[in-house]
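Please take these sequences and the hints and turn them into a complete structure.
Anchor point for the sequence shown: position 39 equals 39 in the working numbering, and the numbering is continuous, going up by one each time.
These aren't lab readings, by the way, just hints derived from the structure by calculation. Bear in mind that the values here come from a model prediction, so they are computed numbers and not experimental data. It cannot be assumed that every hint is accurate.
[Unchecked claim] Beta-carbon label-pair distances, calculated as ranges:
#1 N9 x S37: 21 to 27 Å
#2 S53 x G7: 22 to 28 Å
#3 Q12 x L36: 17 to 23 Å
Note that the Cβ used here is the ideal one computed from N, Cα and C, for glycine as well.
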Amino acid sequence: MDDLLLGNNVLQGHLPVTYRASATAIAGTCTNTSVLSPFGYGISYTSFEYNNSNFAAASSSSSIAPAV
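Below is the structure:
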């Protein structure tokens, strides 16, 4: 708990299932139904932002050989 209060860990939770907007929708029988909360939907008390990301390709002379 102290790690949460000190900001060392992020309090978060995500759904392991999808909740349909209608209780009449039975899994496997409806393909075009509205979803209330999709799989993986959740909360996180933080935000992430990526700025000025730079990526460089490895040198063209590099090769990877599998170990057998």
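> Would you say the C-beta atoms of N9 and S37 sit inside 21 to 27 Å of each other?
Replying inline: The hinted range 21 to 27 Å holds for N9 and S37, with Cβ atoms some 24 Å apart.
>> Just to be sure I understand the hint, the distance between the Cβ atoms of S53 and G7 should be within 22 to 28 Å; is that true here?
In response: Holds: the Cβ-Cβ distance is about 25 Å, inside 22 to 28 Å.
>> For the hint 17 to 23 Å, verify it against the beta carbon of Q12 and that of L36.
In response: 20 Å Cβ-Cβ, so the 17 to 23 Å window holds.
In terms of the numbered hints stated before, the structure departs from none.
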